[in-house]
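Build out the structure end to end from the sequences listed, making use of the hints.
Protein chains: 2
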Amino acid sequence: MQFGHFDDEAREYVIETPATPLPWINYLGNEDFFSLISNTGGGYSFYKDAKLRRITRYRYNGVPGDNGARNYYLSLMSGSGEDATPVATWSPTFLPVKTPLDSYECRHGIGYTTFHTDYQGIESTLTAFVPLHTAAEINHLSVRNNTGEAVTVDVTGCVEWCLWNAVDDASNFQRNLSTGEVEVEQTGTNTIVYHKTEFKERRNHYAFFSVNEPTVGFDTSRDEFLGQFNGWDSPQAIAEGRMRDSVAHGWYPIAAERVRLTLQPGEERMLVFMLGYIEVPDEQKWEDPNDPAKVGIINKQPAHELFARFNTSEKVLKALDELSASWDELLGRFQVSTGDGKLDRMVNIWNQYQCMVTFNLSRSTSYYESGMGRGMGFRDSNQDLLGFVHMIPGRARSRILDIAATQLPDGSAWHQYQPLTKKGNADIGGGFNDDPLWLVAGVFAYLNETGDDSILREPTQFDNQEGSEQPLLEHLRRSVHFTMTHRGPHGLPLIGRADWNDCLNLNCFSSTPGENFQTVENNDTGIAESVFIAGMFVLYGEQYAQILERFGEACGMAAADVQAEAAAVRAAIGEVREATLTAGWDGAWFRRAYDANGNPVGTNEDSEGKIYIEPQGMCVMAGIGTDDGKAAQALRSTKDLLTCRWGTAILAPAYSTYRIELGEISSYPRGYKENGGIFCHNNPWISIANAIIGNDDEAFNVYTRTCPAYVEQYSEVHRTEPYVYCQMVAGPEAPTPGEGKNSWLTGTAAWTFVDVSQHLLGVQPTFDGLRIEPHLPAQFTELHIEREWRGVRYVIDATRTGEASLAVDGKLVSGTTVPIAAPGTEEVHVSLNF
Amino acid sequence: MQFGHFDDEAREYVIETPATPLPWINYLGNEDFFSLISNTGGGYSFYKDAKLRRITRYRYNGVPGDNGARNYYLSLMSGSGEDATPVATWSPTFLPVKTPLDSYECRHGIGYTTFHTDYQGIESTLTAFVPLHTAAEINHLSVRNNTGEAVTVDVTGCVEWCLWNAVDDASNFQRNLSTGEVEVEQTGTNTIVYHKTEFKERRNHYAFFSVNEPTVGFDTSRDEFLGQFNGWDSPQAIAEGRMRDSVAHGWYPIAAERVRLTLQPGEERMLVFMLGYIEVPDEQKWEDPNDPAKVGIINKQPAHELFARFNTSEKVLKALDELSASWDELLGRFQVSTGDGKLDRMVNIWNQYQCMVTFNLSRSTSYYESGMGRGMGFRDSNQDLLGFVHMIPGRARSRILDIAATQLPDGSAWHQYQPLTKKGNADIGGGFNDDPLWLVAGVFAYLNETGDDSILREPTQFDNQEGSEQPLLEHLRRSVHFTMTHRGPHGLPLIGRADWNDCLNLNCFSSTPGENFQTVENNDTGIAESVFIAGMFVLYGEQYAQILERFGEACGMAAADVQAEAAAVRAAIGEVREATLTAGWDGAWFRRAYDANGNPVGTNEDSEGKIYIEPQGMCVMAGIGTDDGKAAQALRSTKDLLTCRWGTAILAPAYSTYRIELGEISSYPRGYKENGGIFCHNNPWISIANAIIGNDDEAFNVYTRTCPAYVEQYSEVHRTEPYVYCQMVAGPEAPTPGEGKNSWLTGTAAWTFVDVSQHLLGVQPTFDGLRIEPHLPAQFTELHIEREWRGVRYVIDATRTGEASLAVDGKLVSGTTVPIAAPGTEEVHVSLNF
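In the order they appear, the protein sequences are chains A and B. By full-length UniProt numbering, the letter at position 458 of the first sequence is numbered 458, and the numbering carries on one by one without gaps. By full-length UniProt numbering, the letter at position 708 of the second sequence is numbered 708, and the numbering carries on one by one without gaps.
Read the hints as simulated data drawn from the structure, not as lab findings. Take the hints with a grain of salt, since some may be wrong.
When chains are identical, the list treats them as one kind, so a pair holds in a single copy or across two.
Below are the SDA-like pairs computed for lysine to any residue, each with C-alpha atoms no more than 25 angstroms apart in a straight line [unchecked claim]:
(1) Lys422 - Pro393
(2) Lys98 - Asn230
(3) Lys294 - Thr657
(4) Lys285 - Thr657
(5) Lys48 - Thr512
(6) Lys300 - Thr657
(7) Lys285 - Phe517
(8) Lys48 - Val520
(9) Lys98 - His5
(10) Lys423 - Val520
(11) Lys98 - Gly514
(12) Lys315 - Pro732
Below, the structure written as structure tokens:
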């Protein structure tokens, strides 16, 4: 069952009912100002940091749910005079009012969302977006009278202010109920409500809400606007058709502004509401610091200037065009036409879009991540940029250097860092032994994408300590050597607190409720090893060796040193590969780990948790067992034992009891999250692994099982948005198999884009050129691919002929790699037979 | 305007409308299991710790507000068969349904709350309480049919489970939405829903919700029960009259149980709903750990046993009687009859009750304190016990020793400690230089109440370090010497991070938003001094000297050492007193402090913050300036410059700009909180001070201005509960003067009880006997007071004759002190002329 459909031409998902199984959301903003917006207008806005600079309130786990974000009320009035009362009231976003609409359509586009609704002959269109390079959300609302007679329609827009720090705002009431402050400015042409809580003391920023028409009333006190006992669905001021013109002193400040429109038959009016954020230098905070009568009156000039940029429909539509053009450019860097509409829309639009969102926001703020906690993950951010680096390589470069600067001197890493301070998070600490190798993965991808080896020479701090700067290449060396020097009894890498699977905690035995499973005092016996990190080391250690050989000398290394270092690393790789094929092999699949007692994890000897997905994917991606049948056997076992219609589960059978020696993984109910859920993140590893050993059909099947566009028709089961990946789908052992959770912010976006672009479609940037090796089922016979790479547009036509050949600009080339184009080239035409 | 009235006979406040200006609440439970309950049934329950063991969810700052705690739905049904549908639905607590009731009455009693309502001829009475020595809340609901014909009434009770840790529950959704687990047990006689999230792994406790009648349906999935878009006011299962029998897997687990009552005319039925909490030893967690079919099935036996104790109305009513008898005993220890009904009800009932609640819960959980943050305050808890020690001295003794054990070896103190671990809170740290002296105040009060000097010899740790034990007397010595040795340029005590006024931060210059004003890096120049601590030192230093003289030798000190130590302390007191009278005196009042630059704070030289309340109260209480007119002048200034109809403000004029050298105090909007609000806590100091210098009329006026019973008639302005104190009332410079905030958990309760009992009524326990010196206006002519003290009941009749005399059991005694009764005495009769 579907609740909408894709409009690929418009790059939109069109939601046909407010009653989606869960709120289906979109993200607005791409730089500093961000908003979440659901298909009923829910969500919130923040500036840079969702915890510290939350602009509007949102109630996670609210009852009723998803209320109170963008509250728009349309009221058909009994007349146009002062005593007019509402005859009917509804929301142009359905919520909060809940009046059943005559028609409803929500279009989530790339960086904007539009609601088209109709009620009793009044047609409305509300478009929400954050203009490029602007710290504001615009809500552009058109109201059209299709009734055939003149009507009066009151339009009230309302937002609720968050007192900036989202955590404090939701807990410190004994203080906060006394601190809220607003100003209201009424001019002949409009009303602006300013939120200036704490501006008096330590903040140099305020927010405002404005509309570009004169108002007939406002409210800034939530209690006055709502009245007692009412929700956002039925404010008393709306029910009575009369605003209170209230000025909030503490308690709960809001901004509500009401415009009265008198519409002739067929007449349409456009309103621009703006939610803006302003920062001012200390010396410009006040309207007039020398006038005692104006103590505390804020400097509104910057807000006036910001609003003036968008205070007409013409200006707003121009800004929307600019936003669209920007995305044309970004998405245009990788476009395909394959004959499979679902594949095309995911690659061309939604998967890339999600890659941008995950790159921007990491795991901080979604409808499941409250924006209150986690910083950027060392592991997460390195992986996120794998799917993003082709869009804006410059931002990937900055991110790599930020991440690397949080690495610790011994090569290990802080597991998380705070985006505002860019410092490591001491609460979580380090000791996640996969972390350092992901830095190699990120840098290798960046180098392949750009060829910009200057990054390797960038002086980069360790642990953000001034004076500790070393070239980035040295960071890679320490990453790889950390793994080389931290190996256990079987010669496999030590796991530390956890590897990629945060919940497999082999050195942390926790029995106290509330204790963090990862940061509890570490019972590290130096015994627990990870087969997964072994696979990573073979894969990324080799990438490091290649970086050395390609760029080491350009980074000032002697040729002999390059050779010696590469040889030493490859020797260690050989050892780890061998250990993986022996101690790491269970007979029909790769084991997952050895615990602190030296017992294997992920073995047929166990009654539960017999097989885990991660080592099957990573080891085969690393080429382990590809020459002796073990890779194929591991992937067969993966399919047989872990895979269902909804994807490949993380492990099976799920654990039915808590195993203190395994940690959090066994704490979840069976079939959910790390205890047997389908963790979408690692499904593309299995797809890639299958492509690598030539199982093209299964590679594609793995891809489609979790791919939103292919699951769209089961939305009543899957429940999350059919245009983006979610982190986890309930596994076959769960009571609710196929049910998705934690959509949007997941490393799945990046890894799936790597899978589909580089392995299934097979367009892989390398140091030597663009390799093109499609791995798709037989029904794919003609592929048209356009790929912007290192400033050159590669226009690729690939045809399935069964005979491999490659022609570049009409000239046959041996192999499957299109050489790097000569400087000055704008476009290269590639013909591939495969 | 009033919204209810006092019923002193029943010890109840009777609320006549659900539409009180704010939710008016009560506390249930006195030991380990606590609930908050509002006059519309809002609130939540927890076991011992409101953060770590939250049993039910509550949404602070919810919209609509105060919803979702105890959800009871009464539905008059169209018939009694399976297809019966609701004809009308309402809540016996008004919320959440909001149906206007034919009659409504909420009675907040001492440890219980009762709702009487009527709707369409159906009368209901719901009584909520926590039985003595029981980890459960009982909701006893009677339903009576007054319609004259047989009716079917469906009763549905519903609670929403919190996933134990209230902070995690409200933020970590990416995990929590997958962890919720319940069990449903249906027997022939009832249905029990068990909440067992995380029981599988690290918890040895679960909760349950049960009713003592067979049910016609249940729900444990909130989404199923509510349906899409609905709030607690209109669940779909209620609207349709049909439960879903849903079993929650993750998401939002609840417990909803529905009973169908068929009532003949005049028939009444009683239901017992129970919300219970169970802890089980590890080895008894499971129903049958050896049966593979029963993996994960919890041991329900303890829940069955708990419920069986209260599963009939008879058992419940008996438990209510026991609760009432327990409070008879507690409150009976201080009872007065003065001719002023407001005074009597505050002293006899509500002020003492609030003292118990503040002693139990410190500042952790109210409708303003979210129960997520603060631990117990060193300063707070010492003060709280001043008003509680006469009720259960043994609990006060334990508390003193707990607090003292968090003192640091140098005599300073952790500012807060965690009640579960009893360890100091390192996040807040120490350096609040008033803290140590409050320990002297607490111990002195305990010794006067009990005469139990064994407490002084209790080996007590410093900083909770094993091996650091010293007798409690040594802790007092270090407290006093800390102040003696930390004095500034004027010889006044150094203020440290702050003194009693947490917001006066003279050594912490903060300009970064979100930074804690108190814990920011301390710019301590060793210059900033507190006149308030000077007053404390004179008062509590002298108390310490008296403790020494009275008990020092019994604690093993040589007589000479006692003398020397007392002399040294008194010498320092003399110096500090002199410094207060010179550097601390501004000309017409006591200054507040000197800042880090050596400038006076609270001086007429300043344009704002000219006068502060705290030193006026504390210095006069300490006897400073009582012999030279300065005390009287300071109190005149206090009245003239700080006092309005609603009480005495903390300072005036309020600060209009942020002063970084003063800190948080200047961050609040003018007239609120520490920036010119009426901080009720320090108003009794002014009342006591006036009593001390003989201004009995003003002493009483100060008492009544903030006293809830006297403000009851202005409830539309004051807004908070008219039966308990709030922390702060908006001051005369605020836009909303008289508006109360932060009711219930405030040191005001204890200090006001000290004021009214020991100074206005004048019954003061001393080492030598019970001193009786009333300070009341002329209209008080006859006082009858009964006071339980050291196991003896003192029955006091005091008559205003203008001639002072005292007779004890008929014999004249000189002075105003009733000597300590001989051992074995049960009752002493006292006649006082004053």
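Hint check:
{"no.": "1", "hint": "Lys422 - Pro393", "result": "within (20 angstroms within a copy, 53 angstroms between copies)"}
{"no.": "2", "hint": "Lys98 - Asn230", "result": "both (14 angstroms within a copy, 10 angstroms between copies)"}
{"no.": "3", "hint": "Lys294 - Thr657", "result": "between (66 angstroms within a copy, 11 angstroms between copies)"}
{"no.": "4", "hint": "Lys285 - Thr657", "result": "between (59 angstroms within a copy, 12 angstroms between copies)"}
{"no.": "5", "hint": "Lys48 - Thr512", "result": "between (35 angstroms within a copy, 16 angstroms between copies)"}
{"no.": "6", "hint": "Lys300 - Thr657", "result": "between (60 angstroms within a copy, 18 angstroms between copies)"}
{"no.": "7", "hint": "Lys285 - Phe517", "result": "between (46 angstroms within a copy, 21 angstroms between copies)"}
{"no.": "8", "hint": "Lys48 - Val520", "result": "between (31 angstroms within a copy, 24 angstroms between copies)"}
{"no.": "9", "hint": "Lys98 - His5", "result": "within (23 angstroms within a copy, 39 angstroms between copies)"}
{"no.": "10", "hint": "Lys423 - Val520", "result": "both (22 angstroms within a copy, 18 angstroms between copies)"}
{"no.": "11", "hint": "Lys98 - Gly514", "result": "neither (39 angstroms within a copy, 37 angstroms between copies)"}
{"no.": "12", "hint": "Lys315 - Pro732", "result": "neither (52 angstroms within a copy, 48 angstroms between copies)"}
In the structure shown, a violation is registered for the earlier hints numbered 11, 12, in ascending order.
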